[in-house]
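Participant: Residue-level listing of the chains:
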Amino acid sequence: MEDTIQNKGFKPFIKHFKALVLMQLKDKLDFSFLSSKKKLIAKIVFFILRIGAIIAISYLAFHYAAVLSLFSLSGIVPVGVVTMIYTLIFVMSLLSCTVGLMKTLYYADDNRVLVTMPVTGNMVFFSKLVVYFIFELERSLTFTLPLLIGYGVASLLPIGMYFWMIPCLIFLSALPVVLGALLSLPTMAVYGFLKRHGAIKVTVFLLVITIFVAAVIWLILLIPENINLIQQWHHIQPHIIDFIRQFNIYAYPLAKLTNMMIGEYYNLRFNFTWAQVVTFVILIAAMALVLVVVYLIAKPLFLKMTATPFEFEKKEYIKARENRRRKKYKSILRKEFLLNLRSTEISYSFVAVYISVPILILLLNKIFAAMTTQLLGDYMAYSFNLLIILLILFASNAIVSTMYSMEGRAGYMKKTKPLELIMPLVIKLFYNILFSVLSILAAMTVFGIYSALSVGNIIMLTVCVLFFQFGHILWSAERDLMNPQNEQYATTGGLIDNPNSNMTTISAFIISAAVFAFSLKLFTEGGDDPTLACVKLMLLGIAFALMRAYLFFVKVRVYYKERM
Amino acid sequence: MKKSVVLAIMVIYVFAIVVVGLWGIKTYFFNPTVYVSEIKLVDSEDGAYKVETTPDQPDVDYIRVDYKKDLKFQLYYRVLPDDASNKTVEFDFDISKYVGKIEITEVGEVLVYANERMTIDGYIRSRDGVKAKSRKIRIMIRVSESV
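Chains as they are written, first to last, in the working numbering: chain A, 1 to 564; chain B, 1 to 147.
If you're looking for bench data, these hints aren't it; they were derived computationally from the structure. Cβ atoms here follow ideal geometry from the backbone N, Cα and C, with glycine treated the same way. Just to be clear, a hint being listed does not mean it is correct.
Stated by the list, open to error - Label pairs and their calculated CB-CB ranges:
1. Ile-44(A) / Met-10(B): 22 to 30 Å
2. Thr-531(A) / Val-34(B): 40 to 48 Å
3. Gly-100(B) / Phe-143(A): 17 to 25 Å
4. Asp-92(B) / Leu-60(A): 31 to 39 Å
5. Val-107(B) / Val-293(A): 51 to 59 Å
6. Asp-70(B) / Phe-10(A): 49 to 57 Å
7. Leu-111(B) / Ile-51(A): 35 to 43 Å
8. Leu-341(A) / Val-34(B): 53 to 61 Å
9. Leu-60(A) / Thr-105(B): 27 to 35 Å
10. His-235(A) / Asn-86(B): 19 to 27 Å
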């Protein structure tokens, strides 16, 4: 592999390397706009608008934070706040680079194709790093730089500092990439271990989720009942200033990097200092050192893994299980459970959506509880609760609009099952419905605790939400059945812009907005007693679900009868 | 869920809070003028000085600063309550003994030109009329051998 370069020398090397990088970029980015002048102009205009918007938002945020003395009494936002924002950006970049590089260096299928090209293994290895560097650079120049410019304008940074930021950001973009390449090794070890031990993987995943959820709930419950920021501000602000100061002590390297970009504030202005140049030189030296370490440790492993033919890959030992005979429905339920569990897209969506709904409702109601509302405010709060619950659940049903198609050509097998055709179709929705019910019950319980509504009214509203969700799930599934995308999924493995999902998302916004408006109208019309409004909403939900169920069953029967 | 959908839901979520906060809360009639009850100097956020008080003179805030070339610092203060109607203040120092050696602006910017031991007394005063509050301040500039 090392001798595969046909033409030795610097120019051919650059040519080959560039081709290699461009090839990988074309795989990951959409360059179709280059083919049309119109698209290119639209892209440029949109790009400029986006940058302008980020600068404007950043400027306004920092300007008003300074005017309101949110983080400091000095009339500017202290550098420490920028350090905190930069730390967040850096940590996210580092995580995405570490996981991305681990996958692309050690698990990507294209490695086997790339090493057959007239290039050296070193070139393939470094081209992968360069691709990630380009992504990071794009993110830095289109997000971090405008953000800093906004800060600079609000804090009267010297003009020269804006020009100095650019080389700084170019080199800083490489930092998460080289660190990510180094961290990809232990990450791969953990990933490989979890992949081999499914039970531990699930346990760790559940543990992380549980800790995260518990921490979020704990934080939400800390919100005091009666917030009066104006009255309490002089107690809160010193804590904020102290927190920023402490954060900058603990995140010292990142504070130095922030200072390197925007200078130091003393004598009531930002100043360019030699310390910035020294930090810049140290940064380059440190990255070079890490790169050497990566080259010495990660590159041999990368070459070994890509050079191992897949025929010789270690086969995982799969324990044989006796083929048990199960009841028809149980068998399909089990199959759907395994399919959902194995599809990260579906299982993560389940976890993210169904757990987030009650948490978001808890936060919303905690905030509403901190306000002293009038009757109209209470009714608004009830309607917004319904809106948020329905909107999130309905929008998550976009995945239901892909479920049948996602089976690809295997989807046609459902006709061969020894069951009424409708059953496998409905059972496919079972887990969505089950987790929706649990999520709705949890969310409505939280809503019930914080609202002044009676238990009976809460039950009626719960029934309303449940039936709306049943109806929407059936409607979403119906879209997929009536306009199947099985062939696209079978040939491409995925469909980014699924028309059925898009329609489901649009309907989610329209229906939830309609329910919100209607419920607010009913509550306000009912005066002091919201019972009649709750009854009407419940009946509306039931009617919607019955209508969608009827249409679903009728359409399935007609559609499959014609097809068969 | 697509990023744009998540973003839209977040916007609606925040919108819900803002709408209830603006149109759903009870309105109270209150006295529109809130007078300043206290002014105090606070520690410099950029580490230029710390505010000290002594038990025998608890109503005076002391600041000690070592001289260095082009010394310039801001006096930080806090006006209570935070919802005071007029939070503007003025600094009033007697620098007649040190003309040309130190300058203190009305907004509390201190510029020191001479490496000399100096003690300047003054006040920070609220500007909300007859009920104006004030606080006595003593700034001490110490001589630095290294300059």
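Participant: Evaluate each hint against the coordinates.
Facilitator: Results of checking the hints against the structure:
In this structure, Ile-44(A) and Met-10(B) meet the distance hint of 22 to 30 Å, their C-beta atoms being roughly 28 Å apart. For Thr-531(A) paired with Val-34(B), a C-beta distance near 43 Å keeps the hint of 40 to 48 Å intact. About 50 Å separates the C-beta atoms of Gly-100(B) and Phe-143(A), a value inconsistent with the hinted range of 17 to 25 Å. With their beta carbons about 35 Å apart, Asp-92(B) and Leu-60(A) fall inside the hinted range of 31 to 39 Å.
The hint said 51 to 59 Å for the Cβ distance between Val-107(B) and Val-293(A), and at roughly 52 Å that hint holds. For the pair Asp-70(B) and Phe-10(A), the supplied restraint of 49 to 57 Å holds, since their beta-carbon distance comes to about 50 Å. Restraint check, Leu-111(B) to Ile-51(A): a C-beta distance of roughly 39 Å satisfies the suggested window 35 to 43 Å. Distance hint for Leu-341(A) and Val-34(B): a CB-CB separation of about 60 Å, consistent with the stated range 53 to 61 Å.
Between Leu-60(A) and Thr-105(B), the C-beta spacing of about 28 Å keeps the proposed range 27 to 35 Å intact. In this structure the hint that His-235(A) and Asn-86(B) lie 19 to 27 Å apart at CB holds, the actual value being about 22 Å.
Violation of the numbered hints given earlier is confined to hint 3; every other hint is satisfied by the structure.
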